[in-house]
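**Student:** The lines below spell out each chain.
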Amino acid sequence: MGFHQFGQACLELLTLDDLPTLLIPGVNSKKHQMCFDWGPGEMLVCETSFNKKEKSEMVPSCPFIYIIRKDVDVYSQVLRKLFNESHGIFVGLQRIEEELTGKSRKSQLVRVSKNYRSVIRACMEEMHQVAIAAKDPASGRQFSSQVSILSAMELIWNLCEILFIEVAPAGPLLLHLLDWVRLHVCEVDSLSADVLGSENPSKHESFWNLPGNTQTLTELELKWQHWHEECERYLQDCTFASNPHLESLCKIMLGDEAALLEQKELLSNWYHFLVTRLLYSNPTVKPIDLQYYAQSSLDLFLGGESSPEPLDNILMAAFEFDIHQVIKECSIALSNWWFVAHLTDLLDHCKLLQSHNLYFGSNMREFLLLEYASGLFAHPSLWQLGVDYFDYCPELGRVSLELHIERIPLNTEQKALKVLRICEQRQMTEQVRSICKILAMKAVRNNRLGSALSWSIRAKDAAFATLVSDRFLRDYCERGCFSDLDLIDNLGPAMMLSDRLTFLGKYREFHRVYGEKRFADAASLLLSLMTSQIAPRSFWMTLLTDALPLLEQKQVIFSAEQTYELMQCLEDLTSGKPVHGGSDTQQCQDDDIETTKVEMLRLALARNLARAIVREGSLEGS
Amino acid sequence: MEEIYAKFVSQKISKTRWRPLPPGSLQTAETFATGSWDNEENYVALWSIGDFGNLDSDGGFEGDHQLLCDIRHHGDIMDLQFFDQERIVTASSTGCVTVFLHHPNNQTLSVNQQWTTAHYHTGPGSPSYSSAPCTGIVCNNPEIVTVGEDGRINLFRADHKEAVRTIDNADSSTLHAVTFLRTPEILTVNSIGQLKIWDFRQQGNEPSQILSLTGDRVPLHCVDRHPNQQHVVATGGQDGMLSIWDVRQGTMPVSLLKAHEAEMWEVHFHPSNPDHLFTCSEDGSLWHWDASTDVPEKSLLFHQGGRTSAFLSHSISNQANVHQSVISSWLSTDPAKDRIEITSLLPSRTLSVNSLDVLGPCLVCGTDAEAIYVTRHLFS
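As given, the protein sequences belong to chains A and B, one line each in that order.
Under the UniProt record's numbering, think of the first position of the first sequence as 1, with each following residue one higher.
Under the UniProt record's numbering, think of the first position of the second sequence as 1, with each following residue one higher.
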């Protein structure tokens, strides 16, 4: 339920003018209608033969089907490093979650946040290098815009870290904000140089020299109050009246907004203005008061000339401590789910999302992670990262993974093994069976019976093992010899997987034993194959025919008892056989052969029985 | 084990190999090649870890590997070997075997020779032609032996257009890896847990010897021969088990060591210190096995990462050849004396480590997390 609301909220904020349009090359959209279909991360589009105005033509003019990908970032070489490195940080965070307790928890979470930010910065740096080295100006511009997007992401993340994760209280708050601005805006250095060169540098230094934070907030406020009053006195006494520069400097130090705004060129944006203003008018500002200063700074800086940009709205939402608004605005402004998914996950670990509106707050993290991971699965290579993200989505992660993992194309056995390992580690037995079955079928079709057997063993698929054994037996009947002896002779414990497979192994063993001229063992093995019911009925004739040479040997191999059993088998076989209608000559010939075989067997069995009885009788006698 | 440097390279790495050093050279390894997989465009690349002449203040360039050149490769790179100083042979998932030539003067790679239909299920002559991935390569100048999912073994010679010898249907299952024993003998491992020795001097299509594990026929994925003792072979299996075999004696392994939690992708004896063995696995770890008996009282330890359990299951071959003056520590029959120290070399668990290579004090490995790790101080 929560997901729908969230999606709906996103859609409401969009108007038709906001939606980007993409022209499909080669398709005349004015003449013909297009059809489309959604895929997991892509859309298929093609032209139809339906014409809007005139009669429909038989064939559409454009013969291509187009694949439209929404998420192009996933294909960027530089951003791939971001995805891979942040994956490691994400997984590490989930794993240490249980160990995060007490006081160290906050510092560990801050460390994770800094890790994420350093990865963004490294990516930004590399993208910048690529932009400089770009051969044509269009791609150079594209890379540069990517750099500014990454820079904005780092800016937002940094602010969120200060306000939500670090939860800086009044006092250190401004220091953090100063660092924040300093990191992102170079020009602030020149301004501070001006300020420090002013009349009261010593007062400045002693004021901001708080390494051990030995002063309390109240002491700080008093000191500052005292200094502020001194400045005001200087101004009112017109001490600097002679020098307009020093006078405006003094006004700046008092936090006079007009004076600050006069230096607008040095202040690159409104949040720079905000922080500078706070530095001089209210350095011990409390977090809850930030939003008022922020709003007025934004209004003053823009001065009604321009309207706020998306980045401004996001930062404003952060100053207002409205986490949900921050995430919502970021989701809309950014083309890829990476940023919001990771930031929301981190904020969730800080236990910040639960205290807010639970309506869809508790599901928001999972929604974003699912979206991000699904995007990864649409990429031919990055799907492996997506697996871990699904693992940490407690409600829908597993079922999403089950759906996605079966659809990964498997062009080599090694890739199939990796996918199978992922499934086995998560006890997804259904997926294991289905993947192994597909691979085994492919192997059988390519006549790789050993591979087919290997896949059925992995999936513990007795039915398929039976199929493979039937193939072997059929090959034997057709050719009179076994193929792939290296496999059948070395089945080992796998033989037990299916009855048919056991039969195959034992039958081969019979041939081997016979080849070694151990006739008595061969005979009892053959008999046990028939009496133990593991031999398929269709094969009984073959087995009995195999018994013929043993029956015809000079010495008596089958005992009387065994001969009786053989005769019983023969009778079972012949009595069950239906009488053929004699439709064609081929059928008649086959029947003739069958009858001859049966007669030969009966004769041989009878002779053997006679000899066996005589032998056993005479042995007993002597 | 000190610094190990990681670099994210935006492609999943399937193989990494050090370029061999000229014989008698005193240098350490400087260049390695990598192959990628699972991309829409895969690349074979050469990297260098040498100095660039401008170290920064804390010698920062020492570990960082830089790309020298790369070339597009059709299909996943399933195996990669250096044929000699300038030539690299690759096995592709399209069944093609390619020889690349490196031009050091302008730092480029080019295709030198190609056998496009080295491995296939149904042949190129038939209408339903379907190729099969080539899974393993071993080189011994001028010969190249390849094996594939089609169960076929090919013997190529560089600069010969056709295969010198082909053994069709050498195996009914997939052949995963191949290594030379004593030329002209090769050893292959397959997906039903068998080692087969083939002698190219013999005319037939049958192996001269078959060895296999007792118990479950676990597929074997990798094999490496001891550098000095050509009858000692190590294999890695799908269950992460490391097996040491003596191919002269019996048909069963000498030692079975329970190692990784998932498929072992590569096993390597150290070429100059063969008492050291390295394995890497789908479970995201790379282990260094130290069987050297320098320290008498070394107990079985497992370092790093909080894993405290120790693994050593040692089945003893009772036909030890006591006449041999140099008994390999891997085949030692005295469990009391025999201790193996195992160290995990990667700083944290990652996605699968697909490949590794060692040369001198240098080690390189590549992972599915699109990172290459290099260290130049293996034994410090």
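The set of hints was computed from the structure by calculation and includes no laboratory data.
Bear in mind that the values here come from a model prediction, so they are computed numbers and not experimental data.
A portion of the hints provided could be inaccurate.
[To be verified] Here are the simulated lysine to aspartate or glutamate pairs, DMTMM-like style, with alpha carbons at most 25 Å apart: (1) Lys442(A) with Asp239(B); (2) Lys161(B) with Asp216(B); (3) Lys7(B) with Asp237(A); (4) Lys442(A) with Glu40(B); (5) Lys442(A) with Asp168(B); (6) Lys517(A) with Glu185(B); (7) Lys460(A) with Asp216(B); (8) Lys442(A) with Asp216(B); (9) Lys460(A) with Glu261(B); (10) Lys114(A) with Asp136(A); (11) Lys258(B) with Asp237(A); (12) Lys415(A) with Asp84(B); (13) Lys415(A) with Glu185(B).
[As the list claims (entries may be wrong)] Residues from chain A shown here face chain B by an in silico Cβ test under 8 Å; the list is partial: (14) Ala416; (15) Asn446; (16) Asp484; (17) Asn490.
The beta carbon of each residue, even a glycine, is placed where N, CA and C say it ideally should be.
**Student:** Interface hint check: Asp484(A), Cβ to nearest Cβ on chain B, cutoff 8 Å. Holds or violated?
**Tutor:** holds, 4 Å
**Student:** Please work out if Lys460(A) and Asp216(B) have their alpha carbons no farther apart than 25 Å.
**Tutor:** holds, 12 Å
**Student:** Using the nearest Cβ pair, does Asn490(A) come within less than 8 Å of chain B?
**Tutor:** Since the shortest Cβ distance to chain B is 5 Å, the answer is holds.
**Student:** Compare the distance between the alpha carbons of Lys442(A) and Asp239(B) with 25 Å, and conclude whether the hinted pair is satisfied.
**Tutor:** holds, 24 Å
**Student:** Between the alpha carbons of Lys415(A) and Asp84(B), is the straight-line distance 25 Å or under?
**Tutor:** violated, 29 Å
**Student:** Would you check the hint for Lys161(B) and Asp216(B), treating anything up to 25 Å between C-alpha atoms as holding?
**Tutor:** violated, 41 Å
**Student:** Sort out whether Asp136(A) lies within 25 Å of Lys114(A), counting only the CA atoms.
**Tutor:** violated, 35 Å
**Student:** Just to be careful, I want the Cα atoms of Lys442(A) and Asp168(B) compared with a cutoff of 25 Å; is the pair within it?
**Tutor:** Roughly 19 Å between the alpha carbons, so the hint for Lys442(A) and Asp168(B) holds.
**Student:** Given the hint that Lys460(A) pairs with Glu261(B), test it: the Cα-Cα distance must not exceed 25 Å.
**Tutor:** holds, 20 Å
**Student:** For Lys442(A) and Glu40(B), compute the direct alpha-carbon distance and say whether it is at most 25 Å.
**Tutor:** Holds, because 23 Å separates the two Cα atoms, which is no more than 25 Å.
**Student:** Taking the closest Cβ pair, is Ala416(A) under 8 Å from chain B?
**Tutor:** violated, 11 Å
**Student:** For Lys517(A) and Glu185(B), compute the direct alpha-carbon distance and say whether it is at most 25 Å.
**Tutor:** Given that 25 Å is the threshold and the Cα spacing comes to 33 Å, the pair is violated.
Hints 2, 3, 6, 10, 11, 12, 13, 14 from the list above are not met by this structure, while the remaining hints are.
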